[in-house]
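Place chain B on chain A using the hints.
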Amino acid sequence: MKPAPFEYYAPKTAEEALQNLTDLGYSGKVLAGGQSLIPAMNFRMARPSALVDLNKVAELAYIKPTAEGGFAIGTMTRDNVVEHDASIRQKMPIVAETIGYIAHPQIRARGTFGGAEAHADPAAQIPALCMLLNAKMLVKRKGSERWVNAEDFIVGPFMTVLEPEELLAEVVLPPLAPRTAGSYKQVSRQRGGYAQAATISLVSLDDRNKVKDVRCVLFSVGETPILSKYAAKVLVGNDATTEAIADVAAYVAKNECDPGTDLHGTAEYRRQMVEVLVGRSLTEAVARAKK
Amino acid sequence: MTQLVKINLTVNGVQYEREVEPRLLLSDFIRHDLHLTGTHVGCEHGLCGACTIILDGQSVRSCIMFAVMADGSTIETVESLGTPDHLHPVQEAFMEKHALQCGFCTPGFLMTIVDYLGDNKNPTDEEIREAIDGNFCRCTGYENIVEAVKLAAQKMAAHS
Chain A
1 MKPAPFEYYA PKTAEEALQN LTDLGYSGKV LAGGQSLIPA MNFRMARPSA
51 LVDLNKVAEL AYIKPTAEGG FAIGTMTRDN VVEHDASIRQ KMPIVAETIG
101 YIAHPQIRAR GTFGGAEAHA DPAAQIPALC MLLNAKMLVK RKGSERWVNA
151 EDFIVGPFMT VLEPEELLAE VVLPPLAPRT AGSYKQVSRQ RGGYAQAATI
201 SLVSLDDRNK VKDVRCVLFS VGETPILSKY AAKVLVGNDA TTEAIADVAA
251 YVAKNECDPG TDLHGTAEYR RQMVEVLVGR SLTEAVARAK K
Chain B
1 MTQLVKINLT VNGVQYEREV EPRLLLSDFI RHDLHLTGTH VGCEHGLCGA
51 CTIILDGQSV RSCIMFAVMA DGSTIETVES LGTPDHLHPV QEAFMEKHAL
101 QCGFCTPGFL MTIVDYLGDN KNPTDEEIRE AIDGNFCRCT GYENIVEAVK
151 LAAQKMAAHS
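Protein sequences appear in the order of chains A and B. 1 is the number of the first residue of the first sequence in this note's numbering; add one for each residue after it. 1 is the number of the first residue of the second sequence in this note's numbering; add one for each residue after it.
Excised from the complex, chain A in its bound form (with noise of 0.2 Å):
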């Protein structure tokens, strides 16, 4: 198992590295931490003729407060540095939750924030936690930029809005509301296996403990993370009662995924755990907001 040969490139600046996507343009593809990519160029089901590598790239790896009070994180920053990072664990404590569930330290000690999001895989933890926290993308070409929310950069399994030339730069994570908390919960075969069925909730409550607002995403059970447009339907000026909660996984489940079947599930248990997996991580993300 050894990957096909490519053409090489190393830039030392993101501007060599746009010039090097410009220059390449289909041919070309980005190496960032390659947790992914090289496995799959190790079964050659990729074979790009071209690989752009980022890692001697540091202008790309940071992680910076924003003027909102959110973050701004580079897009070569390696995963276990956003999970450990003391300011981004204190405000927003469902990122280091969310990142401890990608595979192993060893994968997180390599893979990065940016490469995760441009991958797109559907059933990965970082495009689902961009999508919860409503993240704003930097991209990047040659002489130009632009913005594009999390929400509008995946469109199917494995694919981003990203042209041969752009980059994603620069992931924004905007800050949390007061009195707004997260829950990740997960049916997987094993520790920093594959989820079967994955949800992460973001909820905010008023004063008076009503929801003022809920996002929640589910991932591994469609061909992108998806948003439940009910659960804010249903819940938005409400309590969040057992029984609303209840309402919502049931429906999220029936109406708002498209899980599959495979060796390690059927379509039919998958939407069982989506209930389930919908109604703990809500029944959590409350519990934690009213702290």
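Pairwise CB distance ranges, derived in the manner of DEER restraints:
| # | chain 1 | residue 1 | chain 2 | residue 2 | range |
| --- | --- | --- | --- | --- | --- |
| 1 | B | Thr124 | A | Lys291 | 22 to 32 Å |
| 2 | B | Asp125 | A | His264 | 26 to 36 Å |
| 3 | A | Lys229 | B | Thr10 | 46 to 56 Å |
| 4 | A | Gly156 | B | Lys121 | 42 to 52 Å |
| 5 | B | Gly103 | A | Gln90 | 36 to 46 Å |
| 6 | B | Gly103 | A | Phe43 | 23 to 33 Å |
| 7 | B | Glu126 | A | Asp152 | 34 to 44 Å |
| 8 | A | Ala287 | B | Glu17 | 55 to 65 Å |
| 9 | A | Lys229 | B | Ala158 | 56 to 66 Å |
| 10 | B | Ala158 | A | Asp207 | 49 to 59 Å |
| 11 | A | Val161 | B | Leu4 | 28 to 38 Å |
| 12 | B | Leu4 | A | Glu16 | 18 to 28 Å |
| 13 | A | Asp247 | B | His159 | 56 to 66 Å |
| 14 | B | Gly141 | A | Arg89 | 29 to 39 Å |
Rather than coming from a laboratory, the hints here were simulated on the basis of the structure. Ideal placement from N, C-alpha and C gives every residue a C-beta, glycine not left out.
For chain B alone, kept in the frame of chain A given last:
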């Protein structure tokens, strides 16, 4: 024409300069170019953990990195740990607790555990199981490996 890229790196304290093909996996570079065959290649797609090495202070999979990506880095492989006469405390603990049978996965476990115990001096059983969740062993059933990690932690505490 095959593209060759010059890389400089330090492996087990020895500095190497080599020219490599960009598609050469770091695991193959370590085994075939440097002849350090203690690093094992199992699944070759990042699942089994047999190829685990320590790169710039962190345990990583060498089979899902290209050698060119390790340019400028410092690597430790299992050969850096101990000799038959002077085993590393983790190796001693593996021997005393029968934490291996066929031994294929052992280099990967050792590197994972050496990295982990460097930051976590007194782990619980649960934490140990989490720490080794990225390494597969098909012989032992893991129980003796968990015991060995506990013993290794005690040995390392006594040494320090």
